[in-house]
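Residue numbers (this note's numbering), protein chains in the order written: chain A, 1 to 178; chain B, 1 to 364; chain C, 1 to 144.
Simulated from the structure, these hints should not be mistaken for laboratory data.
Positions of the beta carbon are idealized from the N, C-alpha and C atoms, including for glycine.
Do not take every clue at face value.
[To be verified] SDA-like, lysine to any residue: derived pairs with alpha carbons at most 25 Å apart:
1) K43(C) x Q130(C)
2) K74(C) x Y321(B)
3) K19(C) x G84(B)
4) K254(B) x A123(B)
5) K179(B) x D41(A)
6) K115(A) x D41(A)
7) K185(B) x D41(A)
8) K161(B) x M136(B)
9) K247(B) x L61(C)
10) K313(B) x E67(C)
11) K129(A) x M150(B)
12) K161(B) x E92(B)
13) K34(C) x E204(B)
14) K129(A) x I172(B)
15) K23(C) x L56(C)
16) K338(B) x L110(C)
17) K265(B) x L144(B)
18) K313(B) x N118(C)
19) K364(B) x G121(C)
20) K126(C) x Y105(A)
21) K43(C) x N18(C)
22) K126(C) x Y59(B)
23) K200(B) x S125(B)
[As the list claims (entries may be wrong)] Listing some non-contacts, in silico: residues in chain C with all C-beta distances to chain B over 10 Å:
24) C21
25) N32
26) V48
27) E53
28) V69
29) K74
30) Q76
31) F86
32) R103
33) L110
34) Y114
35) G121
[What the hints assert, rightly or not] One-sided excerpt, in silico: chain A residues whose CB lies under 10 Å from chain B:
36) N18
37) A26
38) S28
39) M35
40) S40
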Amino acid sequence: MGFFVTSIDWVLNNARANSLWPLTFATSCCGIEMMHTVASDNDIARFGSEVFRGSPRQADLLICAGTITHKMAPVLLRLYEQMAEPKYVIAMGACTCGGGMFCDYSYSVIRGIDKIIPVDIYLPMCPPKPEALIDAIRKLQQKIVKNETIMKRKDFVESHSSKLVQKGELLVEVKSEY
Amino acid sequence: MITATTLKLNLGPQHPSTHGVLRLVLELNGEKILSCEPDVGYLHRGMEKMAEGMTYIQYLPTVDRIDYLAGCFYSELLCRTVEGVNDIVLSERVRAIRVVLLELNRIASHLLWIGAFLMDLGALSPFFYAMREREMILRYFEKLTGQRMMYNYFVFGGVRKDIAYLEDIEEIIKVLPQKIDDYEKIITDNPIFLKRTRGKGILELETALNYSVTGVNLRASGVNYDLRKSDKLYEGFDFMPVILKGKDSWSRYKARVLELRESLKIVEQGVNKLKENTNFDQKLINPLTLKLPEGEYYSEIEAPRGLASVYIKSTGEDKPYRLKWRTGSYYSVNLLRKLLVGEYLNDAIAIAGSLDIILPEVDK
Amino acid sequence: MNINDLRNIFGDCELNGNKICIKYNLHEFLSNLKNNYSFKLLKSITAVDLGNETELLYNLLSTEDEEDVVISIKVQNEAESVIDLFSSAIADENEIYDMFGIRFIGHEDLKRLYMPENWEGFPLRKDYVQDDTRLVWNDNGDNA
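All chains, full assembly: derive it from the sequences and hints.
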């Protein structure tokens, strides 16, 4: 019985990993490098991302490309909550990893999107080359096949929400059960 | 009794059109637009306030991010202001290097605009063709400076190092005119493209001057105003500003394609000048002890999207007291309040795309 | 265009560097420049915080003669709006209200342009304190 479940799991994870459909979410300069990855010189369609969906209810990968500011943060959270499970997040660019070049003197940039949504892969550089974005997607595919993302997300979400309750500054309501 | 009410539609910050995070709140009566109000600020990073805490050389790499498709223009603006204060005259070779790189940036920016505009209308093939040519230019920049989009190559007094690999530029000059002819064959006289852009989005002269429109949008309405003709950097280069009288979206498309060809001519003249003057000498300002004397300084340049200018007020220290950018896309977004009224919803995206808007220029 | 012509009409303007400083009657001055001297394009409006007062700079261009001119006026908290002469000032005046807190009389729909609706404070003033705890987003109402 356990043999059946694990081999079905293996088939499902491989199917999920090799057909990731991203959402068109591009705020700033990293969005242009995402467009270069879609074009014909560095082709992302050979890794499974055949189309980029326009609506979040039909996508399963959120590549957050670009700076997130104070006004844009509720929009990002709403898009993340509209996506259906299982879903994955790549933080592309230095601005989303930890604030980037705006981390010293800016008054409206959020220093890293992992204050708002849980992140699977961090991809630094300003902006990352298309080859680097393809490398990030390959690493995400290996994580999915080994079943590491879903279990890690549960722990991450529980620890994240308990941090919220303790400190009391963040009032983001993240659910801790599926 | 059947009564009709108007519908408030939100063309939200996230949509598959490639202009960035612009939000339009439209009021519709059926399919006709009654009023349009743009809502900006989703990418406001505080670049003007950041400058008051950094020295000039610390701020220079940040400036490339204001217009990510043509970052050289804003970098050149800041360098030009500082050089004007210290009365530095560039040598012939350094001037030719700057002009060649600026015009290559303009070509890359217009190529991406062609791809994105036609993707808004629903045609996907020209996007892939235009990106193929843009990759040639970006690979040359990566060989020369190490970066594909934000170069940080201009410094106060000159450039970081001498230009090289001129044979790659000659390859671009040889290959590109034939490719642009290929694009024009499938786009310019296409009956579907003509029906969607001819006679739509007409920009009259009085409206354009009232809403402070500059650049290609103004020249496609018949006004002869091109800042490159009176610019000291472009002295000795022979080109013609492109002026059309059509005033609609099709004229704006045709004006940008013609400007592409004129820019190629400028690049060719620049490469010939680089082969003649091989004497590379420049007088760099020491950036660690740079202080602008007390006063107010102003410079302007013709960027791909309109007139761009900078205003610096200094009190004698090594950081500016106030720094302000004037960009072209900011006023194009304001123009949408007037231009979209009375049009149908399907034409609205095409008209907004033909004005060439980029969001970091609006939100700074 | 000569500063002496303008001084004959208005009387109270002086030349400082290459900008013309006036003290009152901004709307009348700009409408005279637009109608009689063909300065039909307003390139930009800039605001500078000088401590106890704010200086506004209006940058005008004439495309027929290819000339430009800079007008400057110092205000405390309110200024006259010029949106009936130049419609590009709708966006400029909203931005100056958002960043400096100056209200424009005659502008019907004055509201913030860049920052969210419920933001407190005017960021580009010299006495603005960067409040770090607000950089983490709080869900107190409907922001989107």
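Each hint tested on the structure:
no. : hint              : verdict
1   : K43(C) x Q130(C)  : 31 Å, violated
2   : K74(C) x Y321(B)  : 17 Å, holds
3   : K19(C) x G84(B)   : 18 Å, holds
4   : K254(B) x A123(B) : 17 Å, holds
5   : K179(B) x D41(A)  : 17 Å, holds
6   : K115(A) x D41(A)  : 35 Å, violated
7   : K185(B) x D41(A)  : 23 Å, holds
8   : K161(B) x M136(B) : 22 Å, holds
9   : K247(B) x L61(C)  : 21 Å, holds
10  : K313(B) x E67(C)  : 22 Å, holds
11  : K129(A) x M150(B) : 12 Å, holds
12  : K161(B) x E92(B)  : 15 Å, holds
13  : K34(C) x E204(B)  : 18 Å, holds
14  : K129(A) x I172(B) : 22 Å, holds
15  : K23(C) x L56(C)   : 11 Å, holds
16  : K338(B) x L110(C) : 18 Å, holds
17  : K265(B) x L144(B) : 21 Å, holds
18  : K313(B) x N118(C) : 31 Å, violated
19  : K364(B) x G121(C) : 19 Å, holds
20  : K126(C) x Y105(A) : 14 Å, holds
21  : K43(C) x N18(C)   : 16 Å, holds
22  : K126(C) x Y59(B)  : 19 Å, holds
23  : K200(B) x S125(B) : 23 Å, holds
24  : C21               : 12 Å, holds
25  : N32               : 17 Å, holds
26  : V48               : 5 Å, violated
27  : E53               : 14 Å, holds
28  : V69               : 12 Å, holds
29  : K74               : 14 Å, holds
30  : Q76               : 18 Å, holds
31  : F86               : 6 Å, violated
32  : R103              : 19 Å, holds
33  : L110              : 14 Å, holds
34  : Y114              : 4 Å, violated
35  : G121              : 12 Å, holds
36  : N18               : 23 Å, violated
37  : A26               : 7 Å, holds
38  : S28               : 6 Å, holds
39  : M35               : 7 Å, holds
40  : S40               : 5 Å, holds
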